Amino acid sequence: MTDSAPQTIVSSTDLRRVYGEGEAAVHALRGITLDFPAGQFTAIMGPSGSGKSTLMHLLAGLDTATSGSVTIDGREIGGLGDKALTMLRRDRLGFVFQSFNLVPVLTAEENILLPLTLAGRKPDREWLDGLIDSVDLRDRLTHRPAELSGGQQQRVAVARALVHRPAVVFADEPTGNLDTAASDEVLGLLRRAVDDLGQTVVMVTHDAQAASVADRIVVLRDGEVVHDGQGESTEGVLDLMKAVTV
Amino acid sequence: MQRIALKGLLARKLRTVLTGFAVVLGVAFVAGTFIFTDTIDASFNDLFERTQKGVDVSVQARLAVEEEFASPPTMPADTLERVRSAEGIEEAAGSVSADGTLLDREGEPILSQGPPTIIVSTGPERFDPFTYTDGGPPDAAGEVVIDKGTADEFGFGVGDRVTVSGRAPKKDYTVSGVATLGDSENLAGSRLVQMTLPEAQRVTGHDGYDEISVAAAGGTTPEALKAAIARELSGDFAVRTGEEQAAKQAQDLSDALGFIRTALLVFAAVALLVGSFLIFNTFSVTVAQRTKEFALLRTLGASRPQILRSVLLETVIIGLIASALGIACGLLLAPALAALMASFGLDLGSTSIVLEPRTIFAGLAVGMIATIVSGLVPARRATRIEPVAAMRDSVTPGPGRLRRRRVVAAVLVEAAGVLSLLYGLLGDPGASSATATVLGLGSLLMIFGFALLAPTLVRPLSGLIGRPLARFQGLTGRLARENARRQPQRTAVTASALMIGVALVVLVAIFAAGLRATIDQGIDKQVQAVGIVTHEDGFSPLPDGITQRLAQVDGVANVSRVRFETGRLVGETGTTSVTGIDTGSALDVLRLEWTEGSDATLARLGDGDAVITPDFAAEHDLAVGDSLRFVTPRGPEVGYRVAGVYDPGAGVIGGVLVSNASLERSWEAKDIAFALVAGAPDADPGEVKRAEQAALAEFPTAKPQTIDDFKAEQNKQVDTLVGLVYALLSLSVIVALLGIVNTLALSVHERTRELGLLRAVGMSRRQVRRMVRAESVITAAIGALLGIVLGIAFAAIVSRPLASDGFVFEIPVVTLIVVTVLAAVAGVLAAIPPARRAARVDVLRAVTTE
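Sequence lines, in order, name chains X and P.
Quick note, in our numbering, the first sequence goes up one by one and the last residue is 246.
Quick note, in our numbering, the second sequence goes up one by one and the last residue is 1850.
Treat the hints as calculated values from the structure; they're not laboratory data.
Treat the hints with caution; some may be incorrect.
Not the full set, but computed from the structure, chain X residues with beta-carbon under 10 angstroms of chain P [unchecked claim]:
1) Ala60
2) Leu80
3) Leu88
4) Arg89
5) Gly94
6) Phe100
7) Pro104
8) Val105
9) Leu114
10) Thr117
11) Arg140
12) His143
13) Leu238
14) Leu240
15) Lys242
16) Val244
Calculated Cβ distances over 12 angstroms to all of chain P for the following chain X residues [stated by the list, open to error]:
17) Thr54
18) Gly61
19) Leu116
20) Gly120
21) Asp207
Owing to the predicted nature of the structure, the values given are computational and were not obtained by experimental measurement.
All residues carry an ideal CB built from backbone N, CA and C; glycine is no exception.
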């Protein structure tokens, strides 16, 4: 790392995660060291059981590593208690999950504002308006999740992940349940967040097309990084996956 | 399928335990009640057999008007000679017994709201039921024996001085012995003071014998002797064998205390009803949550009856285990009930616990029935799940349907409830048990009507209650409100369970407030005395001897006595309350509201005249100038002419008024109920009271009071009763709170992923807890509001027939506010376990898609 390199938002050092003990122990992650610089869109890929989801959970402080460390926004999160982690998630992290992203009893707008409301903060109206327009939900704000399509729901989730201007957005298979058109919309939103707002995004996906919007592609297999390189086209990702997983 | 049911139960341990617990509590209450009352009965039987020790035949006078707790009249002394003239008698002896009062070491009367202190006389050794643990029977008029229970409690021993008062003024005695009745330290809670026969006759004022005990000579059977003695005596006497006498005494006491069993069983039924709501809710939610499981079973070929059997089997197992546990808990609850009764002044003594087979049967039956009936609807719902539901991806059950049909049904049920209540109260369903059934059914229908309506009310009510919560608690309050509305039926049933307890509390509170107001107004309206002298305990009779002494007190212008008797109109079965007044002085202390007649009527009231109430006049079709004839409890029949009609309101006197002179002559009345004192002009009530206290030092049980004291005392009695009822209702409220715990725990379980999501986007554990807590408070508050409305409705209906007796309907606003606040606090407490559970939800597991 040199002084001129962009600031690192998230980094992991020799991250390991073992489930179970003794003979039955499963090594989900076998020493992952990665840096995620500000303003970069990273796709983490890998076949089922490669450890990609585990990696994301550890990076986001949702799970505790067996060994190694994770630093978010300059803060080592290993020793943080539940309260500090909650504050960290509320203020510095954004999440988009594959499904069940929204609180069913709240309207779209209330869901978007959730991280701010929980923190007891008022939204910056201008910023919020811009965000709502960019996710194209102006006429859906008073609807409840059950009244929204899958794509609309995921767009609400993306807006929610961005509303408090977090240091990093973690997206876990954000297009897993969507058709192609809706997927493109959601991926476009994440892409624009990186390009226009300088947002850092880390996305776990097994979808080559989704990965193709990223700046950087990290491929995991059996808990180890087997590829870490520039973004690729969809075909390029497919070839890459074939090459590293066979 | 059976194995699936069993495994299902094991997999959902917490739910099973919580559901079962509601049944356990209800059954424990039922079983505890039976065990408690059976134990009392058994100890009565045991005791009275002991008191009849050595007695082959027992003779008593007959009470012409049967009344609970009333003693038969004293027999003339020559009765003993007539008994002795019968063939086959070895020995015959007379005895007396009457209520008296023992003073403690400080000279204060030892009082009880329950069993009295009884003065008994000595007799020949063969009839003596006592076992003397120390000393021996009294030999002289100055000696007494007291029961071991009392001796131990108040620290009396042989040689000590004790003071006893009866109808005669108080007197000091020396304790000659301390005795037990077999294993019992007293007579079913009654304290015993044994004196020599002449002394007992003097103190009690019973010049004759209350009972004559006879031992048969060799070769004569008790039955033969009974027949022989009966031939010597007229039909005015009851001649029984010793066994019969013991059984009768035990039965009389048991019957007199029967209301306790009935009252306790009613409270147990309420607790079970509340528990049924809980069971219904739990099974409903469980079935909804297991939609996929049932659908899968259906896909695999399970038939609808098989599903039904599987769910019902679960209810049967829960019902069986819970009922068995409930009976076991009843064994523990019975002494607690006894202690509760004792703490409210109803000490019924204690012996070893009696568990009748009937108790086990009844406990199992009510527990099983409550569980199975409550589980029936959810079980049927499970059978309606289509196999295709297995493929659907619905994790949380959707909101139930709220149809207009439901509202119509609720209104109909409600109307039926109100109608049957009104019929029970104002109509004439016949026997008292029929009335009770109609009233119970009416109440039940009203409760179900409200419960049916509740789901439609959940939305607006939670909106109303949630508004301040959302305002002050922000997002967590708002989420709580929405969560409460999410499954209105679930919230409604949970709230309804609490509603039942709250409604009864409110009903009692309104009645208590009404009684207090009625007492105050009734006394103010009718009484113009400066003071009143009652027994220390507020209800026992007083010796007439106090009247003379009171009349000499400074500041007392006049003393007017009041007596209460119970008569029976010739040719009728029901009894009538008859009040004796001193016609010359009554108007100095009382104001009467005349319907027909005037104060002059009272002043002119002769020994053959009676003043009746409008109700009595209407019921028996009587008018001024008509004649009526009473059977009196001790004396002969006596006739009266109606001289006037008055409205008693809710004052200190009521019923048919006759002169005290008539009661003394024709009814053989001796003791008085209380004395009203007319003050000299400008007499200060407080000073008069102090002067009276000094004058009545020899009658320690007589308690002079100002009218304000008296009102306060009457109100206190209402409060004591209300306190007891609240204590008994608390179990139902506890069961309802368990219901909130259970429902919330189920909801939290159901919303694991949602909670995980909220935690992931930054909700703190504290905020999670606050959210669950707020939902609990909303549910509890809905229950409280529904309960208050239902309770007011109950009270308004039930108090209707009392309006004519001067009952004041008053809504105790402060109490209602307190009830609401307590419900909210209870909601906070009930939320503790589920809130803790919700806060512990593992974010990772919740957000990971399987």
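How the hints compare with the structure:
Interface restraint check for Ala60 of chain X: the shortest CB-CB distance to chain P comes to about 8 angstroms, inside 10 angstroms, so the restraint holds. Taken as an interface hint, Leu80 of chain X does not check out: its beta carbon lies about 13 angstroms from the nearest beta carbon of chain P, beyond 10 angstroms. Taking 10 angstroms as the C-beta cut-off, the interface hint given for Leu88 of chain X holds, the closest approach to chain P being about 9 angstroms. Checking Arg89 of chain X against chain P by beta carbon gives a least distance of about 5 angstroms; that is within 10 angstroms, so the hint holds.
A cut of 10 angstroms between beta carbons decides the hint on Gly94 of chain X: the least distance to chain P is about 8 angstroms, and the hint holds. For the restraint placing Phe100 of chain X at the interface with chain P, the shortest Cβ-Cβ distance is roughly 5 angstroms, inside the 10 angstroms limit, so the hint holds. With 10 angstroms as the threshold, the beta carbon of Pro104 of chain X comes within range of chain P, its nearest partner Cβ sitting at about 7 angstroms, so the hint holds. Evaluation of the Val105 of chain X hint against chain P yields a held restraint, the C-beta minimum of about 3 angstroms falling below 10 angstroms.
The closest approach between the C-beta of Leu114 of chain X and any C-beta of chain P is roughly 5 angstroms, which is under the 10 angstroms cut-off, so the hint is satisfied. The restraint placing Thr117 of chain X at the interface with chain P holds, with a minimum CB-CB distance near 5 angstroms, inside the 10 angstroms limit. With its C-beta approaching chain P no nearer than about 18 angstroms, Arg140 of chain X sits outside the 10 angstroms limit, and its interface hint is violated. Using the Cβ-Cβ criterion of 10 angstroms, the hint placing His143 of chain X at the interface with chain P is not satisfied: the shortest such distance is roughly 15 angstroms.
Nearest Cβ of chain P to the Cβ of Leu238 of chain X: about 24 angstroms, over the 10 angstroms cut. The hint is violated. Because the beta carbon of Leu240 of chain X sits about 25 angstroms from the nearest beta carbon in chain P, more than 10 angstroms, this interface hint is broken. Hint status for Lys242 of chain X: violated, given a least beta-carbon distance of 26 angstroms to chain P, over 10 angstroms. Given hint, Val244 of chain X at the interface with chain P, is violated; its Cβ is 25 angstroms from that chain's nearest Cβ, farther than 10 angstroms.
Interface exclusion of Thr54 of chain X from chain P breaks down, the closest Cβ pair being 10 angstroms apart, not more than 12 angstroms. Not every CB of chain P is more than 12 angstroms from the CB of Gly61 of chain X (nearest about 9 angstroms), against its label as outside the interface. Non-interface call for Leu116 of chain X relative to chain P: violated, since the shortest CB-CB distance, roughly 9 angstroms, does not exceed 12 angstroms. Against chain P, the non-interface label of Gly120 of chain X is violated: not every CB pair exceeds 12 angstroms, the least being about 7 angstroms.
Annotated as non-interface, Asp207 of chain X keeps its C-beta farther than 12 angstroms from every C-beta of chain P; the closest such distance is 15 angstroms.
Hints 2, 11, 12, 13, 14, 15, 16, 17, 18, 19 and 20 from the earlier list are contradicted by this structure; the remaining hints agree with it.
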